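Novice: As a plain string of letters, each chain reads:
Protein chains: 2
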Amino acid sequence: MTGVRAVLLDLDGTLFEDRRPLPGALATVQRLRASGCAVRFVTNTTERSHREVLEDLCRMGFTEDAEELYTAPVVAAKWLRREGIDRVVLLVPPATREDFASLAVDEEHPEAVVAGDLGEAWDFALLNRAFRWLRGGARLVALQKNRYWQREGELVLDAGPFIAALEFAAGVEAVVVGKPSAAFFAVAVDGLGVAAGSVAMVGDDVQNDVGGAQRAGLRGVLVRTGKYRPGDEQGAIVPDFIVDSVADLPDVIR
Amino acid sequence: MTGVRAVLLDLDGTLFEDRRPLPGALATVQRLRASGCAVRFVTNTTERSHREVLEDLCRMGFTEDAEELYTAPVVAAKWLRREGIDRVVLLVPPATREDFASLAVDEEHPEAVVAGDLGEAWDFALLNRAFRWLRGGARLVALQKNRYWQREGELVLDAGPFIAALEFAAGVEAVVVGKPSAAFFAVAVDGLGVAAGSVAMVGDDVQNDVGGAQRAGLRGVLVRTGKYRPGDEQGAIVPDFIVDSVADLPDVIR
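Chains as they are written, first to last, in the working numbering: chain D, 51 to 304; chain C, 51 to 304.
In short, the hints are calculated from the structure, not lab data. Careful: at least some of the hints might be erroneous.
All copies of an identical chain are treated as equivalent in the list; a pair is satisfied when it fits inside any one copy or across any two copies.
Lysine to aspartate or glutamate pairs mimicking EDC-like chemistry, simulated, CA-CA at most 20 angstroms apart [said to hold, decoys possible]: (1) 128 x 240; (2) 195 x 217; (3) 195 x 283; (4) 195 x 173; (5) 277 x 105; (6) 128 x 208; (7) 277 x 294; (8) 195 x 223; (9) 128 x 62; (10) 277 x 62; (11) 128 x 102; (12) 195 x 68; (13) 277 x 217; (14) 128 x 170.
Because the structure is a prediction, the values reported are computed rather than measured.
Using the sequences and the hints given, assemble the complete structure.
Specialist: So, in structure tokens, the structure goes:
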């Protein structure tokens, strides 16, 4: 791949697993930087705050620069301010509430309902309140819209079904700000000072990382680590490049 | 309107209000019967069982024949048996559970999840169980898919948003068996022995009664009582006939 001037790197499953760097991951980041390539770290996680994820990255040796890390909640907060919205309600996991500190919580007249994975906290009363805020004109902003995830071998509802319920009830469409949304990649590319076509997104999720990046005009590189499963590259999304692991990335980007 | 050989009559808002017949409603039913027109009573209500609604109709003098009354749960039970399904889980209001007595409840391996308005009983745990039944291959059958209703002046989530959540989570589409679904009208017309085009559906809900009937090949007559609001007839759905109230119906059907 020629002409790549910046790289967005997915975290869990791409750079590290169980909070330990994958073989060659640290060297890859160093080689990319040495070659003049800008590096950003991007994740959809809402289990940990931006501050906590940055602490992990720092401890593992990837970066200590907060500006290099984009998490879905932080991107949501940036997106909301860019839209001129500053009064919100937060239906997000407790760990990520601090990422919205630049916005005011207003349960009377919110301009946006920000929703993420609340798990067991989703109930009729909360959905009904959210529905009324939306009827009152608030925008619906979703950190992600995944259908389900796996917990101890069992499938569990993720945020997506509850976002879908609110969309149906209020007759609105949520703005999804995590990967694979164009909004996410636009915010991450924005600070790089290069065109989207010169940016490569590298990740283990063919839908969220590769497909989302390609739709936003970036190049999508799939790694065969983390949640990658054989056959992922045979679907509708054709990665611009596939590498066995992030360790092979510097050889691919010239 | 000529050639009408059977009439389906909506209940609340069309034939009666607050469980009292509207002026001329009883006489209308008598005149229709006397003219050789078959009469059926159709309702989406899930607050009362078929037995209880029939008791109301009997007390008011409309009918005492159980075969003349179609409620959404009874239609659902008929539809399920017609599809060869007899093991179900019932996520329906308690009052209507008895309408499914012909089906076996099987929480291990249900063939269908039957869902209605559970109000506050919808929570994460129940939705998650329903999701797993659907992932296991059960069909999703909805008694209705309304977005919301009004309770003491406030809008409250109806069954629709929870059906939408399950559809999104499991990647399936619910079969809706109440009005305005074609399935509902097909079951109601089935026992009449006349073609759908010879049947008129009369109701106060331009979407559920008139629009649904027309899409199922019946004629749709709108009454200006109950939930009717001026302008209802100016939307995309053009009723075959409009009457001020059901009292005017016999003069319209020749």
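Novice: List in ascending order the numbers of the hints, as given earlier, that are violated by the structure.
Specialist: 3, 5, 6, 9, 12, 13 and 14
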